[in-house]
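**Student:** Here is how the chains run, residue by residue.
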Amino acid sequence: MPAEEFRAKALAWLKENARPFSGDDGDYNPTLQESKDFQKKLAEAGLAGITWPKEYGGQGLGEDELIAFNEAAADFLLPVGPFVIGLGMPAPTILELGTEEQKKRHIPKMLTGEEVWCQLFSEPNGGSDVASLQTTATRTESGNWLINGQKVWTSGAQFSDFGAILARTDPTVPRHAGITMFIVDMHHPGVTVRPLVVATGDAPFNEVYFDDVEVPADAVIGEVNAGWPAAVVMLRNERVTIGAKGRSRSAPLGFDALAELAKEIGTNEDSGVRRKLATVYAREMAMAHFGKVLHEGALAGKEIGARGSAAKLAGAEFGLWASDAAEEIVGQDVALLTGKAAKVAKSILAGPGSATAGGSNEIQRNIVAERVLGLPKDPGAADRKTPFNQLKLSK
Amino acid sequence: MTLIDNSDQQALAETIQKLIADRSPLSKVREVALSDDPYDADVWRRISDLGVPGLAIPEEFGGAGGTWADLLVALRELGTGLVPSPLFASSVLAAGALLASDDAEAKSQWLPKIAEGAAIGALAISETGDATWGSRPSSVTANDGKLSGTKVAVLNGAQADVLVVQASDGLYLVEAGAAGVTVTTEESLDLTRSIATVVLDGAEGRKLAGDADAILDRVTDLANVALAAEQSGAITSCINITTEYANIRYSFGLPIGAYQGVKHKLADAYTEWSLVDASVRSASQALTTESDETPVAAAAARVLSSPAYVRAAKNMMLLHGGIGFTWEHDAHLFYRNAVTGNVLLGGPLFQQDRLADKLGV
Ligand SMILES: Cc1cc2nc3c(=O)[nH]c(=O)nc-3n(C[C@H](O)[C@H](O)[C@H](O)COP(=O)(O)OP(=O)(O)OC[C@H]3O[C@@H](n4cnc5c(N)ncnc54)[C@H](O)[C@@H]3O)c2cc1C
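Residue numbers (this note's numbering), protein chains in the order written: chain A, 1 to 395; chain B, 1 to 361.
In case anyone wonders, no lab produced these hints; they're calculated from the structure.
Treat the hints with care, since some could be wrong.
[To be verified] Computed list of lysine-lysine pairs in DSS-like fashion (alpha-carbon distance at most 25 Å, straight line): (1) A/K302 / A/K263; (2) A/K109 / A/K41; (3) B/K314 / B/K358; (4) A/K302 / B/K18; (5) A/K103 / A/K54; (6) B/K358 / A/K263.
Isolated chain B (complex conformation) (with noise of 0.2 Å):
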């Protein structure tokens, strides 16, 4: 069951950690997230070298044809350290979506590219005021295959190569540059990510084959296991942080961490850490053996993790005092990414009435 910690998952966690270490510490990320730049293109090379972004597409599409449990042991790791790339958008978002549909010619011109790093996918499903996501109404339009509508919040939008954009009678694969496809890069609460407005006016698509809610449902679970794994593993660095903190930072004579009141807090996140923890490995069992239960622990593990990440940022902020609120400090980068993974992709609500849904009540 403890599926995401065999020994090739190991090696590939500690192989990030020292690629976080050696090229992304938070100070670099700091970097990259005040600059003009969605994320360090050295860093996602190396990491597109390490083939992460195809472990779990299969062979046959040039990816390594591992499991989605490999690869949500990289977003993990990848979350500790808030590593800005588009792995997330383009490898569980736009290559889950193609790998749900049966589209076999779709499936061989972009899912090599993707394993490779070389191209970037992106999903465009929200729209403004509509706090749902995956399979829903939309009110993008298609006629004959051209596209007019507004996608917002679409997680790498800008940087994207094609797009799959869920229309009101089905999904279309739209490439970046097509005449009638404006991509706005926003400012966003999150400075790790980058989030875009895509306005279609008459845009070119070509339709994706394929039962469009199986594929947007089966792309919900995927979407909401990988962020459940990403935030599991920032929810440790908040933990991680501000632990060292209340060791070395004394008042009344004694570390802060003598104090219930601190320590008190850093126990119950570590506590409800253990539980999302825990959830996120049944969640990735249940993907990766493909069982019926899929759905459920997806579900419920992004319902633990997205609040208990909230949880554990905010906390961090408050445990570091004044320091905590400083632009200075990391917290307000975690807590900003903790907001932002609470809201988008289904905000908390949608997530719970998901779950409701999946288990029949």
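Looking at chain A on its own, in the form it has when it is part of the complex (with noise of 0.2 Å):
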């Protein structure tokens, strides 16, 4: 089907099932059982998983449906956030590196809610740096492995049915090379999930705990002691989903939601406030662009690779850039919690952690200047030979 005819049919599924952004929509607040039938009248529609395999439940279509999809969505609040992780992350490192198994057993559940995914990689004493992770995972005598640790800033551990952890199946080795990544069941008696209360007061992300967590042998993502090269392949998935986002007109910090409160407030006619809204649109749509030039790329055989983090950072400096316009252009509204710009105030609170979430922006410069401009390495990437054990730690 030709990307414009699939854009139609999406347009007037969406007319019928979404709500349209209309800049007054701050009392919507879907809950997750809301989600999960939206998302499982989306797949059932042929709108999940555009350009996954049909064996899995996808619809084996190509970038330029996708694209026309997102387009299309951009004009719609959709109540998908639950499972914005598991479809952009463990889902294509599942098909990517799944067995056949794991792809027939999770794929088409995660494309139509029944399944929630979060990702398990980050701890405590951890979180840029990955590969210093502590969880261990330990072979029963079964063949089977028990995990114990603990994880933090998991996005929705809450209401997940299943995770991608990364646990230490070798301590004695350098530390990427000792890493597994595993599907951990999130209902198993041995996890328990604790709410964090982060800056805007949500508690969107958690703690979680392993004692004695016991997953089958077949519950290896990749290979044993592989862990860390589907870890990449997961944080590479993570900056494209994060990153090269399209334009969406019910973005809070976007320049749609901007230029309809700036006059709805009355501060549209000011000079200032017109030319940082020029701006926030330039950039908002160079931003789209960008995630365009990177998927068609793709489409005609280019890698994004590490280009993905660039996409990453400019989605996060976007984030924090617009705050500030937001305060220019939106003025005392944004001190106030309350009436038209309380999504713009909760915004601006949100854009740090947006920016920290899959990789802060330090690490992604780091990325692109090494692995796009081709820069010498960090100098605290040279204990990479040090076996685990003999490292020196987060305290």
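Put the two chains together into one complex; each comes in its own frame, and the hints tell you how they fit.
**Tutor:** In structure tokens form, the structure reads like this:
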């Protein structure tokens, strides 16, 4: 089906089933069940897993159709938050590295929202340096694995059914060589999830404790002790998911929402405000176009690779910069967590979190500088050869 | 959407890269910049032989009948090498104005020569103390087709065979050498651009048929995308040259590029360039498909590209340390070009205003 036909189909479905952006949707807080119901209908309409293989519940279409859908969806508020991580990171990693069994078992259910997933990488003693993780998985006599340790800042763990977890399976080799990625059942009795309240007052992420959590041998994603390359695949997908997003009319820190707000408040005639709005537009559009350049390049066989980090960085910097712009555009209303500016105020508060999630800006800069531009490795990477159990770690 | 990368365009880009490497490396650019010549006549002839000045001119007027995107590819490549040439003034500004006019006679008289590179056109809009550009009030008066007044910052004005002059009641064609026309080349900050002041004192002009405001609006779009394309190319050079240096210059036992104070600035420049490049592509697409989005996309590209280039060029100087501030180093050539591009053809605030207007905010 040509992309334009697909776009028309998607648009017709969205008009029927989704809530259009109105600039007046502060009261829109879908429940998990509403989200699941929506995702199920979306999948049934053939609008989920657009580029994924049909045998695992996808649509088997191309990037053009995906872009067409994303563009059509930009004008709607889709309650798909709980699935962003699962579909954006573990699912593509399983599609790339997982066994046939794993793909058949999980991908279709992820697409229909029946299975919610989380990503269990970060630990209290290391987020940027993921490979310094201390959670262990030890093999039992029956060939299963016992997971012990603690993860932290895990988005959505409170309602997740499964997680992709990184655990150390060999501490005697250098840190990148002794890690394995597993599928873990979040309903296992040894898993304890404790919500963490964040700067915005919400509790979107958690600390997660693993106490003798037994997983079977076939829960390994990829190979034993090859969890680092698997993690790299997932982090690459993560950056593409987070960065290079299309322009969304409903984003509170985006041009449309800010322009509408400025008009309502009456600051829109001010030349400084107009200029700021123009720049918000230029940057926001450029990000969307950058996403397209990457996707279309991928379509033509040009790997996105580390340029995904540039997209992630651009997105994070846009959020932080647009926060400053919004303060100028909206003015004093941002000080009040009530009324029409409330969403802007909340987004300003959430900006630093989005910039940190998925790897800090400093880490993305390192990746761009080293892997895109070819600059020398950070001196901090010097301990790649030291066995893990002899390394200096965070206190 | 990545229109400016089809296989013909890639081939064109490679041809120009080769031309730059063989005939116009930065050492040569510097020689020309320091001479009295506005550009290297041999290089301009070769650019013309490739048909570049006529890429976006229809075949009926002697051009290649290609798209604006084709010309943008050429400008981007020439931008990487800061190659001095009248291409921008002649093929974008002057030819753009002629093409947007309804003046069949002017088109058939001038476009074929411009397409060949045999004649050079220039556009005279700016006036002293005015940071705006394009369609705007002009102090140049016209009495019975005799023009009087002063235009400044006229790109390649001194080399032009024909000037398109904005006067209070429309656009006029003024031929070089006409009585009452005095063109003076100014000493310009940018050593790779030739900039002139044009004084008209009862000079003979022929009014260009068509709606002057609409023509100038179109030219402003063209100028914005074209300059953004040129600047996108120049930014890549700032990044590449600095990255190369960061790999070979050692300090405290390591290449300076290993230090985050250096590598992070380059990563930021690369990320900014990615956004500039993407917006140039989308504007080029809009232009080529004659989309209604063109004015917005063109203004957005320019709003991003000019300040990004200034930052990249400034950091190029800073990250080269003392050497970067020497006359011998090329960094100041880029910095000069970047600052000039940021203030000419409508400064940064004018561009933001224009984008806001086009967006309807
Ligand atoms: C909203 C949110 C959601 C998240 N969701 C998840 C999730 O679902 N799953 C998950 O596993 N994790 C998640 N995270 C964790 C996130 O990946 C980490 O917080 C992040 O990678 C940073 O790690 P850290 O917090 O340990 O900070 P640190 O690594 O301690 O970094 C602290 C500071 O030091 C800087 N720094 C560290 N190393 C370097 C270096 N080499 N060079 C320069 N500067 C450096 C950092 O940039 C940062 O500014 C989430 C975080 C947030 C904020």
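**Student:** Each hint should be assessed against the structure and marked as holding or not.
**Tutor:** Hint check:
Between A/K302 and A/K263 the CA atoms are separated by roughly 43 Å; this puts the pair beyond 25 Å, and the hint is violated. Using a Cα cut-off of 25 Å, the hinted pair A/K109 and A/K41 holds, with the two alpha carbons roughly 13 Å apart. Restraint check for B/K314 and B/K358: not satisfied, since their Cα atoms lie roughly 30 Å apart, outside the 25 Å limit. Among the hinted pairs, A/K302 with B/K18 is consistent with the structure: their alpha-carbon atoms are about 24 Å apart, no more than 25 Å.
A threshold of 25 Å between alpha carbons decides the hint, and for A/K103 with A/K54 the separation of about 12 Å falls inside it, so the pair holds. With a C-alpha separation of about 16 Å, the suggested pair B/K358 and A/K263 falls inside the 25 Å cut-off, and the hint holds.
Comparing the model with each earlier hint shows violations of hints 1, 3; every other hint is respected.
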